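As given, the protein sequences belong to chains A and B, one line each in that order. So in this note's numbering, the last one in the first sequence is 616, and the numbering has no gaps at all. So in this note's numbering, the last one in the second sequence is 828, and the numbering has no gaps at all.
It should be emphasised that the hints constitute simulated quantities derived from the structure, not laboratory data. All figures in this text were calculated on a predicted structure; none of them were measured in a lab.
Straight-line Cα separation of at most 27 Å, DSS-like style, residue types lysine-lysine; simulated pairs: (1) Lys613(A) / Lys598(B); (2) Lys615(A) / Lys575(B); (3) Lys598(B) / Lys615(A); (4) Lys604(B) / Lys620(B); (5) Lys613(A) / Lys599(B).
These stretches of chain B come out as covered by chain A in the derived footprint (C-beta under 8 Å, 3 or more residues): (6) 550-562; (7) 634-644.
In this text, a Cβ means the ideal position worked out from N, Cα and C, and glycines have one as well.
Letter by letter, the chains look like this.
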Amino acid sequence: MISAPTLGVTIWRCANCHAGYFPEPLLCPRCHGGAFEIDRVLEAVVEEVSVIRHMISQENWQPRRIANVRTADGLHMTVGLRDESGPGATIALFEEGTAPFGKAKR
Amino acid sequence: MFNNAAIIGVGQSPYTRRPEPGQTALHFMRDAVVAALQDAALDANDIQGMAVASFSLAPDSAVDLAWKLGLSLRWLAQDTNGGSAGMSMLGNALRTVEAGTAETVLILGGDATGLAGYAKVAANYNTATQKHLSPLGHGGPNGVYALVASRQIKKYGLLKSDYGHIAVAQRQWAAKNPHAVYRAPLTMGEYVGGPLVADLLWRFDCVSVVAGAQAIIVARPDRAPKGRPGVRVRAHRASYNYDNQLGDGLQTGISTFADELWREAGVRPDDIDVGSIYDDYPTMVLAQANDLGLIPGNDLARFCRVTIGEQRFPVNTWGGMLSAGQPGGHAGGLNGISEAVLQLQNRAGERQVNNARLAVTTGYGMTMYRYGGTAAAAILERVE
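Next comes chain A alone, as it looks inside the complex:
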């Protein structure tokens, strides 16, 4: 079943030092605090883009775009791109299930 998109992407913010993480850690790598608060990031800047043109053992594969993006507080994550946004573009983030995606911010 495909989940409906959810605005923003869930990140985990250390309750002690407030550093943000994605994916979810168990202990904060910076202060080793063990308590986290759920936060959401709504946008990020695209740093690099790749087009996956071939998938091993898959026939009839349709190219997919992925990107390394950076949030305002310096957190990096890999997202699926749903449009032609390129490096430098600010994109709106959304989630489908547990996967982060993005497209140009309107």
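Assemble the complex: chain A is given as a structure, and chain B must be docked to it using the hints.
Same frame as chain A, but now just chain B:
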């Protein structure tokens, strides 16, 4: 310096893109074990310890493999560190022999996943991949390292052809390796004309999945076959989760220990005669070589064009995984160690590097999310 443990034998199975029906990873591993025992002039009953790494063992584990190989052991380990598993197991085996826990240790890696099996492994590599990458259609490690390559190209001003120098040079070496799957010459024109797999990785930047296995035997130096120079490990270091995936992936865990490695080995990067640098992608060959201090001034472009392109420094003389094939990262990493041993023992046949006395070997692996999280390196030396 490991004075009471040495590499005394190496062996491998044939590599193939298409195993025969019924031929499993275990069969390839058996063949590698038989070859290594023969090379070390040992009987299976002489083996007291074993370390193994494979994607293909489940639901079995290391002890099941010991059972199937008829090995009764006093030390046993199963390594899960992917492309650095070979180096990781080497370090553990050396320390185990030095400690006297076992006198002889068999190190083993092999896989025969096939393309479909490999795709399943890649999509379910860890929970981060399952939950956050696979749903994107990220293409497995190709997608991850396509982004790393983009960063490297941007940071160091590389050209597409720079990676090509590595692929072309390794194919030249592979032509002299009867075990390599791809031995036909590769020209720069063919390299740059290859199709894009994932921007900015082209076909010849990506390893081919093959079936095969590698084995190495570590033992007290006095167990080495007579009349053959021994291979001693002057220094060995490893790193696991060096930066919590918070960097850019252009440095590896090797950067955390390189100075210490050279200091303990008592040699310098320019003393090295031959290198086995883990080559899942040319991008990562450059990252590891740079971390090791093999690239003066961090000039990656010059290293590609001059050092590799003009054959001034021999790297991955077995053809690397780019040309010999990748029988899983575990065995692929072991292949680099085996090749270094053969070079140092003057047993590398047509690809022999003249008077090779010192070698550096590395492993790199476990693409946790944005790049690999494990790395290891060792300095190997011929002992007369």
